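These protein sequence lines map, in sequence, to chains W and Y. Using the working numbering, read the first sequence as starting at 1 and increasing by one per residue. Using the working numbering, read the second sequence as starting at 114 and increasing by one per residue.
Read the hints as simulated data drawn from the structure, not as lab findings. The structure presented is a predicted model; accordingly, all values stated were derived computationally and were not measured. There may be inaccurate statements among the hints.
Simulated pairs of lysine to aspartate or glutamate, EDC-like, Cα-Cα distance not exceeding 16 Å [claimed, not checked]:
#, chain 1, residue 1, chain 2, residue 2
1, Y, Lys190, Y, Glu176
2, Y, Lys173, Y, Glu121
3, Y, Lys218, W, Asp56
4, Y, Lys181, Y, Asp197
5, Y, Lys218, W, Glu44
6, Y, Lys181, Y, Asp168
From the structure, some residues in chain Y lie toward chain W, with a derived Cβ separation under 10 Å [unchecked claim]:
#, residue
7, Tyr149
8, Lys162
9, Asp197
10, Ser198
11, Phe202
12, Leu219
13, Gly222
Glycine included, each C-beta is placed from N, C-alpha and C at the ideal position.
If you want the building blocks of each chain, they are given just below.
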Amino acid sequence: GAGVSQSPSNKVTEKGKDVELRCDPISGHTALYWYRQSLGQGLEFLIYFQGNSAPDKSGLPSDRFSAERTGGSVSTLTIQRTQQEDSAVYLCASSLNPSGRQYFGPGTRLTVT
Amino acid sequence: GNSVTQMEGPVTLSEEAFLTINCTYTATGYPSLFWYVQYPGEGLQLLLKATKADDKGSNKGFEATYRKETTSFHLEKGSVQVSDSAVYFCALSPRTNAGGTSYGKLTFGQGTILTVHP
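Extracted from the complex, chain Y is given alone in its bound form (with noise of 0.2 Å):
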């Protein structure tokens, strides 16, 4: 079956720190990849997504790319901050071959707890 292996935190870093959280995933097909991230006291959101192998996702200084060969997807930004701080969940959707039907049901990782320090 499908599944997710994040890395294990927590993770606690300084401000303007380089972050890096893996993720690597078994599935079968060609399955879509997700980060999302829950900051305290919200609810869980989409922070960015890759629908192929080598897409990059990016969304407010987060990056991940699609490694297909090393199936992978770890999340990366350059410069955290304080505000940064949450759980963040790396996530597959599996979708079957070109000419079928998919849904979105989403196997996540166990998630990594970020927190930033000043």
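The shape of chain W in the complex, shown without the other chains (with noise of 0.2 Å):
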């Protein structure tokens, strides 16, 4: 059956613009979460939904950063006015429910030049 995708696959952007990275969950996941994989960072969590609800934020680096999910299903992960250091794979994943196994997308590599 279809995993989880996410797109675009690669996004090159000027600093100081603004980006959105799409996730789309296995049907049926009522969980999901963004992670970013980053050279200095290693693989650390942004934040996580149980259905249109985010319960935990904790991981977004600054204010910049934005997430929302729309019927309990696509997520979009918007980065306002991009710096170098937000340059890194933006993973998405989604479990069935919460404590339950997470299956990953391919990512986004997201490069801020």
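The two chains are supplied separately, each in an independent frame; assemble them into the complex guided by the hints.
Structure below.
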């Protein structure tokens, strides 16, 4: 069956621009997570959604980062006024329930020039 | 807070060699422990897990035992293959005490690059 998909797969943007990253979780999965994989910080948690609510936003690095989830499905991670340190691979994962196995998408590689 | 410390890499082995990648953790409560693998050009995928002390997770010839007394979850394989070349991540997910609710917020180690030569 279809796995977690993310778009775009690659995004190059200029410093100061806004970007939106999209995640389509596995159908029926209620929990959705965003992580970031960067050379300096490794793999780090950003935000967790249960349904359309985000009970844990503790990993968002600054107020330039925001995320939403609609219809209990698609999620969008928005980075405003991008900085070079935002360059990373952004990973999305979903699970059937909050404590279930997480399935990861292929990631979006963001490069800020 | 929670943290995971992994053996520094990269690790380079010959085919059929024995593999150990060390992983230790710091956490409150009773975390679940995981090994994830990222093959070249592919997404992150679960390799194995253990949810309580003394549990052994195993998959594809890899094993790891949850050792609460040493707060460790070392990954082992008796005979590696070229196809095992990948990046391996140790991770934990905290759990609340029984009766509470929990979710799968993962804390990862820094990753270990494994290269296996023929």
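Evaluation of the provided hints:
1. Y:Lys190 / Y:Glu176: holds, 6 Å
2. Y:Lys173 / Y:Glu121: Status violated; Cα separation ~23 Å.
3. Y:Lys218 / W:Asp56: Roughly 9 Å between the alpha carbons, so the hint for Lys218 of chain Y and Asp56 of chain W holds.
4. Y:Lys181 / Y:Asp197: violated, 27 Å
5. Y:Lys218 / W:Glu44: Within the cut-off at roughly 10 Å; holds.
6. Y:Lys181 / Y:Asp168: holds, 10 Å
7. Tyr149: holds, 8 Å
8. Lys162: holds, 8 Å
9. Asp197: Interface hint status for Asp197 of chain Y: violated (19 Å vs cutoff 10 Å).
10. Ser198: Violated. Min distance 19 Å.
11. Phe202: holds, 6 Å
12. Leu219: Hint holds; Leu219 of chain Y Cβ to chain W Cβ min 6 Å, cut 10 Å.
13. Gly222: Interface hint status for Gly222 of chain Y: holds (7 Å vs cutoff 10 Å).
Hints 2, 4, 9 and 10, counting from the list given before, are not met by this structure.
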